[in-house]
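S.K.: Please construct the entire structure, taking both the sequences and the accompanying hints into account.
Chain residues, written in single-letter form:
There are 4 protein chains.
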Amino acid sequence: MVVSDKFYAIVAGVGPGTGRAVAIRFSEDYPVVLLSRSSGSYKDVVAEINKGGRKAIGITADATDEAALKSAFETIKKELPGFKLAATIYNVRPNSRPSRKPFLELTSEDLDVSLKGNIHGLFNFGQSVVPLLLEAVESSPHPPTLLVTGATASIRGSKLWSVIAAGKSGQRILAQSLAREFGPQGVHVAHAIIDGGIDVPDASHYPTNEGTPENRISPYAIAESYWFLHTQHKSAFTQEIDLRPFIEKF
Amino acid sequence: MVVSDKFYAIVAGVGPGTGRAVAIRFSEDYPVVLLSRSSGSYKDVVAEINKGGRKAIGITADATDEAALKSAFETIKKELPGFKLAATIYNVRPNSRPSRKPFLELTSEDLDVSLKGNIHGLFNFGQSVVPLLLEAVESSPHPPTLLVTGATASIRGSKLWSVIAAGKSGQRILAQSLAREFGPQGVHVAHAIIDGGIDVPDASHYPTNEGTPENRISPYAIAESYWFLHTQHKSAFTQEIDLRPFIEKF
Amino acid sequence: MVVSDKFYAIVAGVGPGTGRAVAIRFSEDYPVVLLSRSSGSYKDVVAEINKGGRKAIGITADATDEAALKSAFETIKKELPGFKLAATIYNVRPNSRPSRKPFLELTSEDLDVSLKGNIHGLFNFGQSVVPLLLEAVESSPHPPTLLVTGATASIRGSKLWSVIAAGKSGQRILAQSLAREFGPQGVHVAHAIIDGGIDVPDASHYPTNEGTPENRISPYAIAESYWFLHTQHKSAFTQEIDLRPFIEKF
Amino acid sequence: MVVSDKFYAIVAGVGPGTGRAVAIRFSEDYPVVLLSRSSGSYKDVVAEINKGGRKAIGITADATDEAALKSAFETIKKELPGFKLAATIYNVRPNSRPSRKPFLELTSEDLDVSLKGNIHGLFNFGQSVVPLLLEAVESSPHPPTLLVTGATASIRGSKLWSVIAAGKSGQRILAQSLAREFGPQGVHVAHAIIDGGIDVPDASHYPTNEGTPENRISPYAIAESYWFLHTQHKSAFTQEIDLRPFIEKF
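Chains as they are written, first to last, in the numbering used here: chain R, 61 to 310; chain Z, 61 to 310; chain C, 61 to 310; chain F, 61 to 310.
Some hints could be false.
Identical copies carry no separate label here, and so any pair may be met within one copy or between two of them.
[Unchecked claim] The calculated lysine-lysine pairs, modelled on PhoX-like cross-linking and capped at a C-alpha distance of 25 Å, are:
| hint | residue 1 | residue 2 |
| --- | --- | --- |
| 1 | K309 | K294 |
| 2 | K176 | K161 |
| 3 | K176 | K309 |
| 4 | K138 | K309 |
| 5 | K219 | K176 |
| 6 | K294 | K219 |
| 7 | K130 | K309 |
| 8 | K144 | K103 |
For the record, the hints were derived by calculation from the structure and aren't laboratory data.
M.R.: Put into structure tokens, the structure is as follows:
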């Protein structure tokens, strides 16, 4: 398939693992916008994609900041005039990773960080992108999609994971609620439970699952799953998928 | 059983429904502290319990406000010197009930209200009461208990319920995480999924389930279930219970 | 409360643990019928209850055998003329405990045993007792009840537990389906997930949770929970409850 | 990718909907064996695939009959000498569809039919294919796979669906248990919750989702999802996926 000149994708939250791999995969079919809190996170990925003859744009914006997000979409309008939004991935990791620690040692700030990045962020991002996805329903090659990166903590409040689990589970149910509201309008909202540690492959390598350690998830395999979810026919939408290494206990 | 002169209970979040009924039920065995954002919510219940020869204390405090909560526990220390904390019920309803409305009509404030009341509130309350409950493990008549009032939205992101469900599900998983951390230390953390509308009986009536409309839950029946959870033997703790009217579809 | 002269209870599946404890607990309020595949399982419990001035009847019948079950209810009609059925507990353990073993070492018979005891048994038992429970809806002191003893395997297919989990999960969903069909008609169907090993106390002792090892569930505590479920007001039915030792990992 | 000359796939349970579509999809990469209780179910599909230059073999066998299954695999050995088993789909619908009806109107035979087709069938099929899948782990192009077709009743005991739900939920948990046992050995076991009615397209048409009614699932879309599951990298196995029409309420 040739790269569409009409539709684009956004990946919010880009690091060397899932974000980079997903951006690379979606760039095979769409120009890709990478949103991140710091340009350091996306600079190399943007360069890597553009060097390969595809198109990527990096924008510095915090998804939990409504104004920053608004300004990001104005930039996109200028950079990709006439393009519609076909695919969005919310892959933001909270600002400073909340510690996995005993409940009584946590601070209110630890909780804030988790809720902000996981729930407020998806809320703001969703309010920005859903109207744009709805505009693309009739014309986009695949049903316009909002994908959310979840984790084991999205469905389980393990010991010592209290604030992380509170944020991830709230995020998951928010995505579920959006799926029920916007699915019938043609927008596909899906949530992926990533159950395992993600391998960060040497970025200079061509995208491949080769060499993934047995106890790690290849980010390219996640990216393939996200692409699969995006391209599902509207008669068979998946709302939730789990992904884990074959040797993972669960 | 005579009212203990050594242990007390706290109900955070008191209205004419569940909060009042639970306070009345627990006052049969313990002096009860009622926490609420406004004295109007607890005044009548406190009077009703004290008039009946039992003991209740009302304290105005917002569970989401760390300082207010700290000051509340200082008041309790003075009012109930030498008492240990045996039972706590987190029954707080978010500040102004977030609207059940289309996602794109919600504001960031609607989300804040839900997360604050449901998650931050339980987090702060938990950090205040868990150390006190741990102190009571060896001596209290029943395992020290933290009960949390959940709802259908705690396990399901229905259409139009996005911010409420995000808050309730995060709250539920937080409680689950606390159960896994503090259960083995002897503190019983349980979550109740209240699946249905609650009847608000005429407060002048003696506590009874009589007259509950078929499609409503009697708050006295909830209170009985909470008391049952509190008195469970430590060899058979329940972590989650659902409660619904017999005719409720689910 | 005096023993009712109008209503009785049935416990199907009686051993020295849960079955015995539940029979003893329910005999405080009802004459109790104990069903078991062999008289050796109930003889001592029946004697123990009758010696204490309460009433128990033992009947040898396999719940998975329709004819045996039919004949058992004819016996009950003669032994307890005019009595209505208020409470039933399905606590049957499959005929010979299916081995917890590698899937490829299991035989078709292992599967049969699990499905027969767990699903066919509850199906037959349900078809026998539900019509009787429906007859008691208007008059019984508490909503007529069908309680089912589940296990961790009821909600989880662990490695090596395949046939046990297939039977228990099918049983759980069957109970859930009955709850949805007969709840609105006034019959309370509830399922208990017993998550842990059950202590078998010295039967000569008075019913008490004392001395339960930390990693075991007291059968008397299970019995208390079953009694609680039976006595719930119809405005607040519980469909599922979990019970585990406070130190159990989950 | 060229059709492999080394590996084959089996679809157990073939009708004009899911079974046919999955067989067609997998025949793009493997010779496909179609198992069905009657040759009428697979004859046309086998002809359709062979006519298209791919290879399909139909075998009449009831998956719940151990001897028939054994004989089927002997036939396969002769027909596809030297081939290894790479992909298996358990898509069997119980013998005569158990009625969706009131519990008290069901017979023991209704239950038998559901348990036999759903649980016994998967058990027998699993015992036959898992050893063959294990043999293919090192050499097959994708991780050897066992896919199971589930339904809404696999996770929910709705009113009137008791025996169907008992069978489907037992089947689901059995598949889950196999996933936990054989995943670490390299065999991918996944369960698909098909939540909606399946469209049966005009079989003379080329496989396409075109024309699927809005409230139906395209069987070709299911087939695409099954193929996706089969080709997942072993670092990112999905155990469970849900599939429903975009307008379906859930």
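S.K.: For K144 and K103, with the copy left unspecified, which applies at a CA distance of at most 25 Å: within, between, both, or neither?
M.R.: within (24 Å within a copy, 46 Å between copies)
S.K.: Using 25 Å as the alpha-carbon threshold, which applies to K219 and K176: within, between, both, or neither?
M.R.: For K219 and K176, both the intra-copy (21 Å) and inter-copy (22 Å) Cα distances are at most 25 Å.
S.K.: Reference check for the pair K294 and K219, CA-CA at most 25 Å: within, between, both, or neither?
M.R.: between (39 Å within a copy, 19 Å between copies)
S.K.: State whether the alpha carbon distance between K176 and K161 is at most 25 Å within one copy, between copies, both, or neither.
M.R.: both (19 Å within a copy, 21 Å between copies)
S.K.: State whether the alpha carbon distance between K138 and K309 is at most 25 Å within one copy, between copies, both, or neither.
M.R.: The answer is neither: 48 Å in one copy and 38 Å across copies each exceed 25 Å.
S.K.: Go through the copies and call it for K176 and K309: within, between, both or neither, with a Cα cutoff of 25 Å.
M.R.: neither (30 Å within a copy, 30 Å between copies)
S.K.: Are the CA atoms of K309 and K294 at most 25 Å apart within a copy, between copies, both, or neither?
M.R.: For K309 and K294, only the inter-copy Cα distance (14 Å) is at most 25 Å; the intra-copy one is 33 Å.
S.K.: Indicate which option fits the pair K130, K309 if close means a Cα-Cα distance not exceeding 25 Å: within, between, both or neither.
M.R.: neither (42 Å within a copy, 32 Å between copies)
Hint compliance for this structure: hints 3, 4 and 7 are not met, and every other hint is.
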